[in-house]
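Start from the sequences, fold in the hints, and give me the full structure.
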Amino acid sequence: GDWTLRLLCLTLAVTPLRTWFAQPAWARFRRMLGLFAFFYASLHFLAYSAFDMGFVWPDIAADIVKRPFILVGFCALVLMLPLAATSFNRAIRALGAARWQALHRLVYGVALLGILHFFWMRASKHRFGEVALYAAILAVLLGWRVWKAMGTRWTAGSR
1 GDWTLRLLCL TLAVTPLRTW FAQPAWARFR RMLGLFAFFY ASLHFLAYSA FDMGFVWPDI
61 AADIVKRPFI LVGFCALVLM LPLAATSFNR AIRALGAARW QALHRLVYGV ALLGILHFFW
121 MRASKHRFGE VALYAAILAV LLGWRVWKAM GTRWTAGSR
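Each residue of the sequence shown is one higher than the one before, starting from 1 at the first, in this note's numbering.
Possibly wrong hints are sitting among the right ones.
Quick list of simulated restraints, FRET-style, between CB atoms [said to hold, decoys possible]: (1) Met150 x Gln23: 20 to 30 Å; (2) Val56 x Lys148: 45 to 55 Å; (3) Arg90 x Pro58: 34 to 44 Å; (4) Gln101 x Pro68: 44 to 54 Å; (5) Leu106 x Lys148: 11 to 21 Å; (6) Ile92 x His126: 36 to 46 Å; (7) Arg99 x Arg67: 31 to 41 Å; (8) Ala97 x Gly151: 15 to 25 Å; (9) Ser124 x Met150: 32 to 42 Å.
Hints listed in this document are in silico derivations from the structure and should not be mistaken for laboratory results.
The C-beta atom is built at its ideal place from N, Cα and C for all residues, glycine as well.
What follows is the structure in structure tokens.
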């Protein structure tokens with residue numbers, strides 16, 4: 001789970017970093033990082049399913065419904081499925097760039113669900129330091145996007 005959150009943050013950091021450092025070539029790493037995040041989220045779910053639940057699917061389903069942090073993590077994984085499934089050039093062409101981009105905005109919700117999952121998991125142990133760090137990183141990355149979007153709208157509206 002930790003690596004999933006790290007990779008999600010790195011994936012979301014690519015655009016601001018390539019802008020700040022004037023390195024447009026860095027964009028090519030975003031897809032790979034996102035797919036690695038999905039891979040680690042899938043491994044995390046498989047490890048939970050195997051080691052915690054013994055692959056007893058009715059028990060897994062009951063646990064997902066019973067424990068909110070498991071439900072939130074599972075929802076994040078489910079939302080990552082269409083992102084991973086459409087992370088290749090042919091899917092972009094098939095969906096059209098605008099629809100593909102709209103679909104891939106789900107990554108922001110996935111990241112927020114990931115933080116919430118992590119927070120609830122750590123809350124039982126009263127260990128919030130890492131959660132605060134990831135939340136701060138995510139807040140900066142999402143805040144940068146909002147700032148850029150608002151600046152673009154204000155600039156476009158003032159012309």
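- Verdict for Ile92, His126 (Cβ pair) under range 36 to 46 Å: holds, 44 Å
- Item | Outcome of range test on Cβ distance (Ser124, Met150; 32 to 42 Å) | holds, 38 Å
- Query: Does the Cβ-Cβ separation between Arg99 and Arg67 fall within 31 to 41 Å?
  - Reply: Hint holds: Cβ distance 34 Å, inside 31 to 41 Å.
- Using the beta carbons of Leu106 and Lys148, state whether their distance is inside 11 to 21 Å or not. This hint holds: roughly 19 Å between Cβ atoms.
- May I ask you to test the hint 34 to 44 Å on the CB atoms belonging to Arg90 and Pro58? Given a distance of about 37 Å, which is inside 34 to 44 Å, the answer is holds.
- Query: Would you say the C-beta atoms of Val56 and Lys148 sit inside 45 to 55 Å of each other?
  - Reply: holds, 47 Å
- Task: Using the Cβ atoms, figure out if Ala97 sits within 15 to 25 Å of Gly151.
- Result: About 22 Å separates the Cβ atoms of Ala97 and Gly151, which means 15 to 25 Å holds.
- Determine whether the Cβ-Cβ distance between Met150 and Gln23 falls within the hinted range of 20 to 30 Å. Distance hint for Met150, Gln23 holds at roughly 24 Å.
- Task: Could you check the hint for me, namely that Gln101 and Pro68 are 44 to 54 Å apart, CB to CB?
- Result: With a Cβ separation near 31 Å, Gln101 and Pro68 fall outside 44 to 54 Å, so the hint is violated.
The structure is inconsistent with hint 4 alone, although it conforms to all the rest.
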